[in-house]
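Protein sequences, first through last, are from chains A and B. Just so we're aligned: 474 in the numbering used here is position 264 of the first sequence, and the numbers increase by one with no gaps anywhere. Just so we're aligned: 147 in the numbering used here is position 131 of the second sequence, and the numbers increase by one with no gaps anywhere.
Hints are supplied without guarantee of correctness; some may be wrong.
Straight-line C-alpha distance at most 25 Å; calculated PhoX-like pairs for lysine-lysine [said to hold, decoys possible]:
#, chain 1, residue 1, chain 2, residue 2
1, B, K271, B, K238
2, B, K144, A, K236
3, A, K236, A, K391
4, B, K144, B, K238
5, A, K220, B, K70
6, A, K217, B, K70
7, A, K391, B, K271
8, B, K309, B, K271
What follows is a set of in silico ranges between Cβ atoms, one per label pair, in the way DEER data are often shown [stated by the list, open to error]:
#, chain 1, residue 1, chain 2, residue 2, range
9, B, G274, A, R244, 42 to 52 Å
10, A, F405, B, N313, 55 to 65 Å
11, B, L319, A, R221, 41 to 51 Å
12, B, G243, A, E394, 52 to 62 Å
13, A, L261, B, R146, 30 to 40 Å
Calculated directly from the structure, the hints in this document are not laboratory data. Yeah, the Cβ is synthetic: ideal placement off N, Cα and C, and Gly gets one too.
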Amino acid sequence: MTATAEKLQKRVGVRETLNHISVITKRNMLRNIRLPQLVFFATVQPVMFLLLFNFVFGGAITEGTPAAPEDYINFLIPGILVQTAVFGATQTSLGLTEDLATGIIDRFRSLPMARSAVLAGRTIADLVRNVFVNTLMLFVGFLLGWRFEQGFPSMVLGVAIVLLFGYSMSWVMATIGLTVKSPEAAQTAGFLPIFPLVFASSVFVPVETMPSWLQTFAEVQPITILTNTARSLMLPEEVAASLGLDTGTLILQSLAWTAGILLVFAPWAVRQYRRAVD
Amino acid sequence: MYAVEAVDIVKTFGDVRALDGVTVRFEPGIVYGFLGPNGAGKTTLIRVLTTLIKPDSGTARVAGIDVVTDAVAVRQRIGLAGQNAAVDEYLTGQENIEMVGRLYNLSPSDARARTDEVLERIELTDAKDRQVRTYSGGMRRRLDLAASMVGRPEVLFLDEPTTGVDPGSRLNLWDLIEELVDTGTTLLLTTQYLEEADRLADRIGVIDHGRLIAEGTSDELKNQMGGDVVEIHVTDDDRGSAFAALTRVATEEPKQEGNSLTIPAPNAAHTLTEVVRELDAVSVTPRDIALRKPTLNDVFLTLTGHKAEEEKKPAPSRGRRRQS
Chain A
211 MTATAEKLQK RVGVRETLNH ISVITKRNML RNIRLPQLVF FATVQPVMFL
261 LLFNFVFGGA ITEGTPAAPE DYINFLIPGI LVQTAVFGAT QTSLGLTEDL
311 ATGIIDRFRS LPMARSAVLA GRTIADLVRN VFVNTLMLFV GFLLGWRFEQ
361 GFPSMVLGVA IVLLFGYSMS WVMATIGLTV KSPEAAQTAG FLPIFPLVFA
411 SSVFVPVETM PSWLQTFAEV QPITILTNTA RSLMLPEEVA ASLGLDTGTL
461 ILQSLAWTAG ILLVFAPWAV RQYRRAVD
Chain B
17 MYAVEAVDIV KTFGDVRALD GVTVRFEPGI VYGFLGPNGA GKTTLIRVLT
67 TLIKPDSGTA RVAGIDVVTD AVAVRQRIGL AGQNAAVDEY LTGQENIEMV
117 GRLYNLSPSD ARARTDEVLE RIELTDAKDR QVRTYSGGMR RRLDLAASMV
167 GRPEVLFLDE PTTGVDPGSR LNLWDLIEEL VDTGTTLLLT TQYLEEADRL
217 ADRIGVIDHG RLIAEGTSDE LKNQMGGDVV EIHVTDDDRG SAFAALTRVA
267 TEEPKQEGNS LTIPAPNAAH TLTEVVRELD AVSVTPRDIA LRKPTLNDVF
317 LTLTGHKAEE EKKPAPSRGR RRQS
């Protein structure tokens, strides 16, 4: 005797899945707003980075930057947007590992919800958070004298490309978090690849000042590509050209990195999720 | 159709056979209690039945639906409240329940209405707009219970619903669970407290080392002890001679728990008299002596050779706190 007289639902439908993703996204956004340490990480910390780099390094770093020290802010802002988006992505691993630790993932898994909603809802909420933080950075940058020189649409395109890259990095962090499982380990493991990538790049300084072996690495790695893309869309065109930035190529390279990372790490994160919970 | 039907479920973790061939089935509308000590396999069984883990072998159906091949359909029909109150600390009570309601595919307005109803029922209406991190342990358990009910499940699973809560909250939770049962929900609960199983469950399955070692109503299990028992308490010095005295009266070896000795009393008062006579013959004066009905503890001791409860006080809270 079974209940198969009625047709049993085998899978969660597309419409339901989208609903579940929006419910989980909303839940994570509420957490992002309400957890004091998350709010700190999303506001005070990036602003502090911006101020420190601008005023501490700004005077020293003029070689290879657009011009005078007071223009460092124009050089810095595109880079700091990338840095902020990538640092922000580490929140994805933290959020997921905390959910694993509190047992709420077990509740989700006992519900007739799409499994993908847990990961999608987390990464989307973190993307929304990154939109907010990057907007805040632009606002503070503006107060410090930053100006975009190629018009509003170019600037927005630059920010959008950076945010999309940040979203792909969320999946890298999800993979790492679901592999190491504990929130503390996730934070350490997440920053391990990020620090060398962000600092050995064109984010804060021109790569020309680095030793040649490091320069080679710095020039090809995605953080530099993304930073240069944002610069080529925000600095005055002649300055961008003098830095050797070719906008079209850079955009393509940025999107290729983003797509490549998503293609590798989204399925990998899903697999690690299954492993972590089964 | 059975509400739950598990046949020969085996689940191993490394070298540990957490479930070693469990078979259990019961009909809808009753409260079934799994009773066993920590590590007996109760939680593993719940996790199999609620589709959280797959068994290594054996089959299980909940509400007539296979938990492995039709997991989504099973999830639509069940509710689960686990050992750690799985609610979100930084959402309000209402936000938590509404979220779960939406994940059961209720429409936004249905989810809201149902949330109000459920919160009213567990008496959390006054606290519904507060973030859960301000709740007491007992309130969290109640909210967790509400979350498991919001989807109107056919079968509700409660994994140690009162472990780690203070005695007052425990009584309160028992009342809530009893009310819930009155509305006809099928309930499967696990517990390490004999008193809890005795009070809430229509049928009890005793589980130990991954096996179901006995099953029946509370009375049936007690009758396996053969009716009344005589229990004496003696001093350390008298224990040896008292043991020998009781052995002369009983047909089997006395059950020993510290300085308390128990034997079956098939002839009730007559057996009691015999015990007194034998103790007197060896000059033992018991500190306490009683003819009483057997408890589930006696049953557990008979079946497994060890006690069900390691200690009388509630286990320390296992709810994990956030670190950072």
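Evaluated hints:
1. K271(B) to K238(B): The given pair, whose Cα atoms are some 15 Å apart, holds under the 25 Å limit.
2. K144(B) to K236(A): holds, 18 Å
3. K236(A) to K391(A): Holds. K236(A) to K391(A) sits at ~23 Å (cutoff 25 Å).
4. K144(B) to K238(B): Roughly 43 Å separates the two Cα atoms, so the pair is violated.
5. K220(A) to K70(B): The given pair, whose Cα atoms are some 17 Å apart, holds under the 25 Å limit.
6. K217(A) to K70(B): This hinted pair holds, its Cα atoms lying about 23 Å apart.
7. K391(A) to K271(B): Given pair K391(A), K271(B) is violated - Cα atoms ~46 Å apart, limit 25 Å.
8. K309(B) to K271(B): holds, 15 Å
9. G274(B) to R244(A): 42 to 52 Å: Given a distance of about 51 Å, which is inside 42 to 52 Å, the answer is holds.
10. F405(A) to N313(B): 55 to 65 Å: holds, 59 Å
11. L319(B) to R221(A): 41 to 51 Å: holds, 44 Å
12. G243(B) to E394(A): 52 to 62 Å: holds, 57 Å
13. L261(A) to R146(B): 30 to 40 Å: Check passed, 37 Å falls within 30 to 40 Å.
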